[in-house]
Amino acid sequence: MKELLIATVLAVSPLQATDVKVYFSQGHDIPGKVVAVTRKAPDRGVARFAVEQLIAGPTKAERRRGLHSELTGQLRGRSNCGGADFTIKIKKSRATLRFCRTVLGNGIGSDARVLHMLDTTLKQFGTVRKVVTLDKDGRCLFDQTDAGTSCLTGRE
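Going by full-length UniProt numbering, the first residue of the sequence shown is number 1, and it counts up by one from there.
Hints in this document: simulated from the structure, not taken from any laboratory. What you are looking at is a predicted structure, and each value in this text was computed from that prediction instead of being measured. Every residue gets a Cβ at the ideal spot worked out from N, C-alpha and C, and that includes glycine. Hints may contain errors.
What follows is a list of derived Cβ distance ranges for each label pair [claimed, not checked]:
#1 Thr127 to Ala147: 26 to 32 Å
#2 Asp146 to Thr38: 20 to 26 Å
#3 Arg94 to Thr72: 33 to 39 Å
#4 Thr59 to Thr153: 16 to 22 Å
#5 Arg65 to Ala147: 21 to 27 Å
#6 Ala17 to Ser150: 21 to 27 Å
#7 Gln124 to Gly27: 32 to 38 Å
#8 Thr18 to Thr72: 32 to 38 Å
#9 Thr145 to Lys60: 35 to 41 Å
#10 Ile55 to Ala17: 27 to 33 Å
#11 Arg78 to Thr18: 21 to 27 Å
#12 Thr149 to Thr87: 32 to 38 Å
Taking lysine to any residue pairs in the SDA-like style, the calculated list, with each CA pair at most 25 Å apart, reads [stated by the list, open to error]:
#13 Lys21 to Thr96
#14 Lys60 to Lys92
#15 Lys33 to Cys81
#16 Lys40 to Gly109
#17 Lys60 to Ile90
#18 Lys136 to Arg65
#19 Lys123 to Asp146
#20 Lys60 to Thr96
#21 Lys130 to Arg65
#22 Lys136 to Lys60
#23 Lys123 to Val46
#24 Lys33 to Lys92
#25 Lys123 to Arg78
#26 Lys136 to Gly66
#27 Lys92 to Gly66
#28 Lys40 to Asp143
#29 Lys91 to Asp29
#30 Lys21 to Gly66
#31 Lys40 to Ile90
#32 Lys21 to Asn80
#33 Lys91 to Cys81
#34 Lys130 to Lys60
#35 Lys60 to Cys81
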């Protein structure tokens, strides 16, 4: 009976929203300034939620303050992850973010700002010390070298 009561309480009790910072770009420097805004994550998937917010972009009020996300509107094509835009795994202090759709780059400055936003947003979490961002083919996002592995080795 005790287990049934606990299960019932958990089923009807909403999870408490968690404050999460999302770091949007401000200006167009390389890699640029990022500014934190706070969002309420509806569940415990805070890293996933934060990346989703970067893709969605700033609110109208935040855009009036000069904030922007160059990820907004840049995902194209079919997902190779069963419909998801990305996957994220955190293991041994490393967050590996792999996009499941093509991410369009808009040049060196824009690409640097995207990576800076993602890096800063994910490193706010105590379990993340390094961020690896991959494209849908498993290559380092925006890496134009033959190997496409600069984010894995730490060398650019």
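How the hints compare with the structure:
1. Thr127 to Ala147: 26 to 32 Å: holds, 28 Å
2. Asp146 to Thr38: 20 to 26 Å: Given range 20 to 26 Å: violated, Cβ gap about 41 Å.
3. Arg94 to Thr72: 33 to 39 Å: About 26 Å separates the Cβ atoms of arginine 94 and threonine 72, which means 33 to 39 Å is violated.
4. Thr59 to Thr153: 16 to 22 Å: For threonine 59 and threonine 153 the Cβ distance comes to about 37 Å; the hint is violated.
5. Arg65 to Ala147: 21 to 27 Å: violated, 39 Å
6. Ala17 to Ser150: 21 to 27 Å: violated, 37 Å
7. Gln124 to Gly27: 32 to 38 Å: violated, 21 Å
8. Thr18 to Thr72: 32 to 38 Å: Taking Cβ atoms as reference, threonine 18 and threonine 72 lie about 23 Å apart, which means the hint is violated.
9. Thr145 to Lys60: 35 to 41 Å: holds, 39 Å
10. Ile55 to Ala17: 27 to 33 Å: violated, 20 Å
11. Arg78 to Thr18: 21 to 27 Å: violated, 32 Å
12. Thr149 to Thr87: 32 to 38 Å: violated, 19 Å
13. Lys21 to Thr96: Status holds; Cα separation ~19 Å.
14. Lys60 to Lys92: Status violated; Cα separation ~37 Å.
15. Lys33 to Cys81: With Cα atoms ~32 Å apart, lysine 33 and cysteine 81 exceed 25 Å; violated.
16. Lys40 to Gly109: Given pair lysine 40, glycine 109 is violated - Cα atoms ~30 Å apart, limit 25 Å.
17. Lys60 to Ile90: Distance ~31 Å between lysine 60 and isoleucine 90 Cα, so the pair is violated.
18. Lys136 to Arg65: violated, 32 Å
19. Lys123 to Asp146: violated, 28 Å
20. Lys60 to Thr96: violated, 30 Å
21. Lys130 to Arg65: violated, 29 Å
22. Lys136 to Lys60: violated, 30 Å
23. Lys123 to Val46: The hint holds at about 12 Å.
24. Lys33 to Lys92: violated, 28 Å
25. Lys123 to Arg78: violated, 29 Å
26. Lys136 to Gly66: It is violated: about 30 Å lies between the C-alpha atoms, which goes past 25 Å.
27. Lys92 to Gly66: Not satisfied, since the Cα-Cα distance of roughly 36 Å exceeds 25 Å.
28. Lys40 to Asp143: The given pair, whose Cα atoms are some 33 Å apart, is violated under the 25 Å limit.
29. Lys91 to Asp29: Answer violated: lysine 91 to aspartate 29 is near 32 Å, above 25 Å.
30. Lys21 to Gly66: Roughly 17 Å separates the two Cα atoms, so the pair holds.
31. Lys40 to Ile90: Holds, because 21 Å separates the two Cα atoms, which is no more than 25 Å.
32. Lys21 to Asn80: Roughly 28 Å between the alpha carbons, so the hint for lysine 21 and asparagine 80 is violated.
33. Lys91 to Cys81: holds, 20 Å
34. Lys130 to Lys60: Distance of about 31 Å is beyond 25 Å: violated.
35. Lys60 to Cys81: Distance ~31 Å between lysine 60 and cysteine 81 Cα, so the pair is violated.
In the structure shown, a violation is registered for the earlier hints numbered 2, 3, 4, 5, 6, 7, 8, 10, 11, 12, 14, 15, 16, 17, 18, 19, 20, 21, 22, 24, 25, 26, 27, 28, 29, 32, 34 and 35, in ascending order.
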